[in-house]
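The lines below spell out each chain.
Number of protein chains: 2
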Amino acid sequence: MSSFRDGKPLSEKVTGGKLMQDWLTARAQATPDKVALITNPGDGAHELTFAQLAGQVRQMARQWIAAGIEPGQRVAVLAITWPLTVVQLFTAMRLDCVLVPINIRLTLDEIDQQLRLAECDWLLPYGLTDTLGGLHERGHKIANLDVQRKVAKKVTLPDHDIDLSEPLAIIHTSGTSGTPKGAVLTYGNFYQSAMASAYRLGVLPEDRWLCVLPLYHVGGLSILIRSVLYGTAVDLVEKFDVDAINRKLTEEPITLVSLVPTMLYRLLEARTQPWNDQLRLVLLGGAAPSAELLQRCHDEGVPVATTYGLTEAASQVATAGPELARRKPGTVGKPLLFTQVKVVKETGGEAKPGDYGEVLVSGPTVMQGYYNNPDATDKTLKNGWLHTGDIGYLDDDGDLFLVQRRSDLIVTGGENVYPVEVEAVLRGHPAIKEVAVTGLDHPEWGQQVAAALVINDNMSVSDEDLITYCRDHLAGYKIPRHFLKVGALPQTGSGKIQRGALRELFIEQQNSHQRGDLSP
Amino acid sequence: MSSFRDGKPLSEKVTGGKLMQDWLTARAQATPDKVALITNPGDGAHELTFAQLAGQVRQMARQWIAAGIEPGQRVAVLAITWPLTVVQLFTAMRLDCVLVPINIRLTLDEIDQQLRLAECDWLLPYGLTDTLGGLHERGHKIANLDVQRKVAKKVTLPDHDIDLSEPLAIIHTSGTSGTPKGAVLTYGNFYQSAMASAYRLGVLPEDRWLCVLPLYHVGGLSILIRSVLYGTAVDLVEKFDVDAINRKLTEEPITLVSLVPTMLYRLLEARTQPWNDQLRLVLLGGAAPSAELLQRCHDEGVPVATTYGLTEAASQVATAGPELARRKPGTVGKPLLFTQVKVVKETGGEAKPGDYGEVLVSGPTVMQGYYNNPDATDKTLKNGWLHTGDIGYLDDDGDLFLVQRRSDLIVTGGENVYPVEVEAVLRGHPAIKEVAVTGLDHPEWGQQVAAALVINDNMSVSDEDLITYCRDHLAGYKIPRHFLKVGALPQTGSGKIQRGALRELFIEQQNSHQRGDLSP
Chain A
1 MSSFRDGKPL SEKVTGGKLM QDWLTARAQA TPDKVALITN PGDGAHELTF
51 AQLAGQVRQM ARQWIAAGIE PGQRVAVLAI TWPLTVVQLF TAMRLDCVLV
101 PINIRLTLDE IDQQLRLAEC DWLLPYGLTD TLGGLHERGH KIANLDVQRK
151 VAKKVTLPDH DIDLSEPLAI IHTSGTSGTP KGAVLTYGNF YQSAMASAYR
201 LGVLPEDRWL CVLPLYHVGG LSILIRSVLY GTAVDLVEKF DVDAINRKLT
251 EEPITLVSLV PTMLYRLLEA RTQPWNDQLR LVLLGGAAPS AELLQRCHDE
301 GVPVATTYGL TEAASQVATA GPELARRKPG TVGKPLLFTQ VKVVKETGGE
351 AKPGDYGEVL VSGPTVMQGY YNNPDATDKT LKNGWLHTGD IGYLDDDGDL
401 FLVQRRSDLI VTGGENVYPV EVEAVLRGHP AIKEVAVTGL DHPEWGQQVA
451 AALVINDNMS VSDEDLITYC RDHLAGYKIP RHFLKVGALP QTGSGKIQRG
501 ALRELFIEQQ NSHQRGDLSP
Chain B
1 MSSFRDGKPL SEKVTGGKLM QDWLTARAQA TPDKVALITN PGDGAHELTF
51 AQLAGQVRQM ARQWIAAGIE PGQRVAVLAI TWPLTVVQLF TAMRLDCVLV
101 PINIRLTLDE IDQQLRLAEC DWLLPYGLTD TLGGLHERGH KIANLDVQRK
151 VAKKVTLPDH DIDLSEPLAI IHTSGTSGTP KGAVLTYGNF YQSAMASAYR
201 LGVLPEDRWL CVLPLYHVGG LSILIRSVLY GTAVDLVEKF DVDAINRKLT
251 EEPITLVSLV PTMLYRLLEA RTQPWNDQLR LVLLGGAAPS AELLQRCHDE
301 GVPVATTYGL TEAASQVATA GPELARRKPG TVGKPLLFTQ VKVVKETGGE
351 AKPGDYGEVL VSGPTVMQGY YNNPDATDKT LKNGWLHTGD IGYLDDDGDL
401 FLVQRRSDLI VTGGENVYPV EVEAVLRGHP AIKEVAVTGL DHPEWGQQVA
451 AALVINDNMS VSDEDLITYC RDHLAGYKIP RHFLKVGALP QTGSGKIQRG
501 ALRELFIEQQ NSHQRGDLSP
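Line by line, the protein sequences are chains A and B.
So that you can map any letter, position 42 of the first sequence is 42 in our numbering, and since no number is skipped, the others follow by simple counting.
So that you can map any letter, position 217 of the second sequence is 217 in our numbering, and since no number is skipped, the others follow by simple counting.
Worth double-checking, as some hints may not be accurate.
Any copy, or any two copies together, can satisfy a pair, since identical chains are not distinguished.
Dumping the calculated DSSO-like pairs for lysine-lysine here, alpha-carbon to alpha-carbon at most 27 angstroms [what the hints assert, rightly or not]:
(1) Lys345 x Lys433
(2) Lys352 x Lys141
(3) Lys34 x Lys328
(4) Lys328 x Lys345
(5) Lys342 x Lys433
(6) Lys379 x Lys345
(7) Lys379 x Lys153
(8) Lys328 x Lys433
(9) Lys342 x Lys34
The hints are simulated quantities; they were obtained by calculation from the structure and are not laboratory data.
Computed from a predicted structure; not experimentally measured.
In isolation and in its complexed conformation, chain A is listed as follows (with noise of 0.2 angstroms):
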């Protein structure tokens, strides 16, 4: 093998002798009159084409450097779903910025918290007016790109290639601990969850995924990434109208869609069309789908792939096509190629099939670490694999089933609430003694929180006034939507919460208890 020159890294080696380049730019040389993106402002939709795209992320690229930002830096954008956050995302590409997704439904005191833990050096100033104050107030810097517009234009643009071992983005996980964990997500792990989706899903250059899920979510924030590597258009929507959406889903050729088991729920609860021709699949995932709901579209003929995603893998794990979610119901399938999926006992050594045990999950796609966590890091990832905390198990066909999600996490709508950051707060109020958090099944939204409280002696709370002191710490589907006063938490006798007689009490009581839904 004289012939070759040796010693070059391998990125280099595997694509030709140079870096890769960024993939919106690669794209719009490919395809640049192809639909990139369908955006739905109140007059109606509009298209933006690729080479439109890239033009426009040119544009923000040069006003980013006017503004002094700089490659490597983390910049934290309020992901509100709307064109602009796809913009800012293949800008954070273009100028080899990492991307820190914020979700716009926490409050000022969980953004503060995650813009500090990942210590970005900017945030991208547009929409929600009083939380950027607020922030900038707690002395985050916020970008000045209006007054650099003028001094934007004359920028050069730095020719950028991309190395794939490079972080793409952080995006937040609650933790058992309470704490937000940023998983730091590679551009190859990105790049090879989309090669492994379109394997398993498949991808025609037709194809149009419409995105209700959040941005800041790595399952909405994928749609954005695979869809500019494809080549296929993404139909955005900001509000997860439920009319609106059914009638796209009758009238426009949308192939694709990617719902949480709330969404679909309340999709089908609202339909009265059928389904257009062209829809390929409704990929289901954030959340286990009840047996009803998947029996539910079966009846109906609705192609449900069941996916098991996490933040820490760049979304999809395992996913059953449609044929398979129907012979098997309950079932996510197989890893996705490159992935593998093991289940260990909590003994250690590897379950049999059938047997419980804790998912592992090793591959391509499997983060980096959490960003400057190395404690949280180590225990999550072990010898190459990420310790996901959920309880499943593998069948004889080697079919993964999941039985609980990370043991007390509850999802509700699709996000994730980790009782341990509600109990946190709540501690935190005067009346209250003790406090235990747990999540109740919901027809719509998979679960809710529910708070058990033991109140101080010779005190009181009301309800309205929890939620009105919750709602100064908590996101709002975090919030409570039932509490319950007792005179002692059900405990084991080494003081552990028992959680399965806290539902116990709470399914008592809940005739009594219940108050209306609050949207989470």
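Start from chain A and add chain B according to the hints.
Okay, now just chain B, sitting in the frame of chain A:
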């Protein structure tokens, strides 16, 4: 970024801390029960799942090890279009050997030359017993697999992971010099090619690719590799039997088929039935289709995608989908994602849209180089650009048109023939003083090889004698179909053959000299 372990090779980072699983092993885990291969022996079609194919590969890998074949060695296979070649390909991948697929239509001399050029460590002993015997006599080592079957049962297969920067195959191409060159294609080349092809043509889990192209060409080989990555089926047909293939294209759920123009022409000529509804795409490459052929496809509603591919770029460089191929007859569209094409003038510098020039290609699918041939590598790969020698232009939209394959290349029935190679053989004949070879247009074969000869004074030779002489030195498709004896060859002042004038001569004389077609 203190929490990340740095200094790891990119391949490890990209694939989550380890090298990549070999593709068939990964695929057999992801979709064990899907159909991988449909074979067509005399007694009807047989199906093989990915799990079954992987099982056969494991068994074959044990035999190879027992026979003494070691990782990193170059293993030549007589690449007949049959299932065994598929097993051999993935066995080479499983054991980290480099596959050298041999064109079975070559003469013993030609094969001998390629085995020496590629420094093959082994030749595998299947089919073509006479050829094998001849090669053995010339000193090539033939692996003894039959005797090793018993020993093989006790062999433990080593774990093997893939490094994308390592060579997967060496595929020989003829060159302008007349000596074959072995294009070294890496795992990364094929990996990126498969991905970019999926994103251009689409891929669906139910796809079934009809493979009638030879497996010693990159076009056929890449169908096998792509399909294992995709998890889709290949229907493998050994012989190009027009009626049998037409029947398949009517009755069976074939969704994709790769053809050279000659094959498509012959299928259209013989078709009496409609094409099946599932057929998504006819990928037409290997040679420029005539305008008439394209028009006929459009008239008959055949979904033709036109492609420009090269061995040196692991197959497709640019591909136009059916809509574009119909709208702009003759174009091969834009380069695939991450592949870049530029057209340079003879005087240097990029050609303006519409202006002819040499087509240069760069990107992740471009070969490492020619095996053990630094001179040819340096002439072909300059500053990351592959100099194809093909002449073409880009239109105002950036769509590529090929005007002429490598200056004097003849493409007959999808096979490349270099005049210089045929001329060198004929020049060795005692009766021949001067010779010039060119290609003549032909509706079915695209081009046919034609030789103009100046015979030595006082000597004579018949066409039949010349053909017999050629048979000893040239593969059948390289043997001229037309001979023309002339007093002098048309030359420029500087002594270069005027190939345009040469063709004129043949056209003038064609009626009187035309011989019956030989199947190339």
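Verification of the hints:
For a Cα distance limit of 27 angstroms, the shortest separation of Lys345 from Lys433 qualifies neither inside one copy, at 36 angstroms, nor across copies, at 82 angstroms. Within a single copy, Lys352 and Lys141 get their C-alpha atoms no closer than 53 angstroms, and across copies no closer than 46 angstroms, so neither meets the 27 angstroms cut-off. Only between protomers do Lys34 and Lys328 lie at most 27 angstroms apart by alpha-carbon distance; the minimum there is 17 angstroms, versus 38 angstroms within a single protomer. Taking the shortest alpha-carbon separations for Lys328 and Lys345, only the intra-copy value of 24 angstroms comes in at or below 27 angstroms, while the best inter-copy value is 61 angstroms.
Neither within a single protomer nor between protomers do Lys342 and Lys433 lie at most 27 angstroms apart by alpha-carbon distance, with minima of 41 angstroms and 73 angstroms respectively. In this assembly of identical chains, Lys379 and Lys345 lie within 27 angstroms of each other by CA distance solely inside one copy; the values are 17 angstroms within and 59 angstroms between copies. For a Cα distance limit of 27 angstroms, the shortest separation of Lys379 from Lys153 qualifies neither inside one copy, at 48 angstroms, nor across copies, at 42 angstroms. In this assembly of identical chains, Lys328 and Lys433 lie within 27 angstroms of each other by CA distance neither inside one copy nor across copies; the values are 46 angstroms within and 76 angstroms between.
For the identical chains of this complex, Lys342 and Lys34 are inter-copy neighbours only, at 22 angstroms across copies versus 41 angstroms inside a copy, given an alpha-carbon limit of 27 angstroms.
Hint violations for this structure: numbers 1, 2, 5, 7 and 8, all remaining hints satisfied.
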